[in-house]
Amino acid sequence: ILHMDGSISNSQALVMAKNGDGGGIVGYALSETLISGLGYTLAWVALVLLALAALMLWLGPLIVAGGTLAMVMLLQRRDDRDLNQPDLDGGLDMAQQGPPLPTGEPSPWQALLVRLGLRSVPSQTFEEPTLVIGGNGVAADRTAARIVADKPVATSEQTVAGISRGPAPGSADTLIPRIIGGGQTWRLPNITEILDEAEEVEIQYADIKDRARIIEQTLADFGVPVRVVEANPGPAVTQFGLQPGYRERRRSRDEMRREAEELLRQRGYGSSRRPITDELVKEVMDDEVSKYERVKIRVSKIQALSNDLALALSASPIRIEAPVPGRPLVGLEVPNTLKALVSLRGVLESDTFRQMNSALRIALGQDTAGQAAVADLAKMPHLLIAGATGSGKSVCVNAIIATLLLTHTPDTLRFLMIDPKMVELTTYNGIPHLLSPVVVELERTVPLLRWATGEMDRRYKLFAKEGARNLEAFNAKAVKAGEQILPYIILVIDELADLMMSAPDDVERYICRLAQMSRATGIHLIIATQRPSVDVVTGLIKANFPSRIAFAVTSQIDSRVILDTPGAESLLGRGDMLFMRPDSSKLERLQGGFVSDTELERLVRYWKGVRIIEGEEAGGLAVPDGMMPPLPTRPEDIVQAPLWEDMIQQQRQAQQQDDLYGDAVEVVQTAGRASVSLLQRRLRIGYSRAARLIDLMEERGVVGPDQGGSLGREVYLGDEELEGAAPAGEDRAPWDDE
1 ILHMDGSISN SQALVMAKNG DGGGIVGYAL SETLISGLGY TLAWVALVLL
51 ALAALMLWLG PLIVAGGTLA MVMLLQRRDD RDLNQPDLDG GLDMAQQGPP
101 LPTGEPSPWQ ALLVRLGLRS VPSQTFEEPT LVIGGNGVAA DRTAARIVAD
151 KPVATSEQTV AGISRGPAPG SADTLIPRII GGGQTWRLPN ITEILDEAEE
201 VEIQYADIKD RARIIEQTLA DFGVPVRVVE ANPGPAVTQF GLQPGYRERR
251 RSRDEMRREA EELLRQRGYG SSRRPITDEL VKEVMDDEVS KYERVKIRVS
301 KIQALSNDLA LALSASPIRI EAPVPGRPLV GLEVPNTLKA LVSLRGVLES
351 DTFRQMNSAL RIALGQDTAG QAAVADLAKM PHLLIAGATG SGKSVCVNAI
401 IATLLLTHTP DTLRFLMIDP KMVELTTYNG IPHLLSPVVV ELERTVPLLR
451 WATGEMDRRY KLFAKEGARN LEAFNAKAVK AGEQILPYII LVIDELADLM
501 MSAPDDVERY ICRLAQMSRA TGIHLIIATQ RPSVDVVTGL IKANFPSRIA
551 FAVTSQIDSR VILDTPGAES LLGRGDMLFM RPDSSKLERL QGGFVSDTEL
601 ERLVRYWKGV RIIEGEEAGG LAVPDGMMPP LPTRPEDIVQ APLWEDMIQQ
651 QRQAQQQDDL YGDAVEVVQT AGRASVSLLQ RRLRIGYSRA ARLIDLMEER
701 GVVGPDQGGS LGREVYLGDE ELEGAAPAGE DRAPWDDE
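Residues 1 to 738, numbered by my numbering, are exactly what the sequence shown covers, in order.
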């Protein structure tokens, strides 16, 4: 530094170097080299940079060691705090959120402590790394290894977020609940005992990359350049994210001339002194104006080439989603070569399902990216499911029912089921969640729907009396007062087409009234049909079911009936579905969760082990006689138990009853004779209604048969006898007798 001082001459600097000052001869030689090579100013800059580099080399290890020690201490405290948290024991409320289920995966700070040698490595087994294809092109794969720890042996049952998890599956006798003491104690079943583990299918990454290359090449051959920027492999299809490119378009001469004239005006041309001539315009067009321009590829061009893409990929059918919701991409969904089975257990154990704060959460399956797809039945609030035979419709209904049975006790949820096919829902006969045996006879469906409508009206009266707006508010007040809560009621209809054929007017009227008004009372409908035609899924029913699921159908017309848009005709079947949420018109493609017959048998056997104690009030419901489920029986012994025979009889009487029947009896009693023309004149009604009233009075013994001619009919009853022949009172619902 002394040698580079501008006030010291070279001779003085040399003398100082010989005396050992300023770094000696070495310092003098270094300073002279820097000044002569870089100049005075740059030499000083280089000297400062060298000094800073030396300082960093000296202090660097100290900074790294101190930061590492501080991080280790912080993470150690976090880890100790997490380990000291108490375990959850017992069940939680359905709406409460619990911590994630134990998966055996180490936390990030635990992994860091192991790498630093501050903690031993537990016994673990490793799976193959799971690659996530995405980013800028298919080649940019992100690798993440998932550590699977040995399964712990639980000693007590743990119930987290409404799902019970306990010890590992044991013998069949562990599936039978128990009644403690003299009262009923409900306990949720163990999903590890009921449902089988999911089987993971290896993703074919090489196949995905080849398909991405084929997509780009095929579209480029048709003059539609695109770039595959991501690929999301799902259980049944893989969604490729396409980014439309640009193509060159030759500009017209008029466009080029307008641009040339605009350039000349910017340079001061266009006035009388400097006019714009054709020669100037031609010169600018030739020298400065581009003859081609880049034009963005239109999305419609990609959609128009769907058949060509299916041919090139040897995969049909394919579906194009343009654009992907919330993304500047076009989604191309291609069926996988190997399809994965989506297990219901995998969806129930996912973070998406466990973190949903809802009492009526249901597991639907997985989306095209392999993420769990769940929904809130309370917000739907009703669900319409349609699809052709064998498309997975009944499996979806069973998966929804199984989800609710795994997360609710009979105190919080009850079922009403209608199964005209007699084979799909009769498996659930005998579980305590049923308000009545599964209805399999068509003549019993209208009374059941009529009772559900009356229960809805009864609940609204209770809400008005207590000042509650919905079921949640009413139950909160009931809990504070120590009274019985009202459970949710889920009405499941497996085949709507048979009901609409037997009694279309009554079925449509009751279903629409329930769909319009029952949301606040906790009554929700799940309706399925395999014949999505306009005479089954009417416009009035569709208007009251904003949430719909469409499985594979045979034609675009059926797809429009269900979803009001095409798309379901391109589905693959076997659980492949399109889901329309109530708050969005965009369709989500999902692979439905699968629950096997064996798993359903375990679940039903579990709940059949619990019986409601005779004489105990059933969840605050006004339940008519004969509504409680029958005792568990063998499948071959299950028969349709009587269901509200008085309601059926009253329904028949109501269909025969006429509002003018009492007036008609009074007219014929006063006149002393009975005829159709007499009732027409006195009551001012038409011939058909008058004749029907005469026939009804003859059936009940009020008048005699027609004597022919002008004699009319003889009246049998006088004033005293008339009281016994008065028409029956208005049809009374069973809850009015309670």
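Derived from the structure by calculation, the hints contain no laboratory data.
Worth double-checking, as some hints may not be accurate.
What the hints assert, rightly or not - Okay, the calculated beta carbon distance ranges per label pair: (1) V295 x L62: 21 to 31 Å; (2) S271 x R327: 49 to 59 Å; (3) T337 x R247: 26 to 36 Å; (4) T337 x P566: 19 to 29 Å; (5) V295 x D221: 46 to 56 Å.
To be verified - Cross-link-like lysine-lysine pairs, in silico, DSBU-like; alpha carbons within 35 Å at most: (6) K477 x K608; (7) K209 x K296; (8) K421 x K608; (9) K542 x K465; (10) K379 x K480; (11) K421 x K379; (12) K379 x K296.
The C-beta atom is built at its ideal place from N, Cα and C for all residues, glycine as well.
Evaluated hints:
1. V295 x L62: 21 to 31 Å: For L62 against V295, whose Cβ atoms are near 59 Å apart, the range 21 to 31 Å is violated.
2. S271 x R327: 49 to 59 Å: Holds: the Cβ-Cβ distance is about 51 Å, inside 49 to 59 Å.
3. T337 x R247: 26 to 36 Å: 32 Å, holds
4. T337 x P566: 19 to 29 Å: Since the Cβ atoms of T337 and P566 sit about 26 Å apart, the hinted range of 19 to 29 Å holds.
5. V295 x D221: 46 to 56 Å: 18 Å, violated
6. K477 x K608: 31 Å, holds
7. K209 x K296: 25 Å, holds
8. K421 x K608: 23 Å, holds
9. K542 x K465: 33 Å, holds
10. K379 x K480: 26 Å, holds
11. K421 x K379: 29 Å, holds
12. K379 x K296: 40 Å, violated
The structure does not agree with the numbered hints 1, 5, 12 stated previously, though it agrees with the rest.
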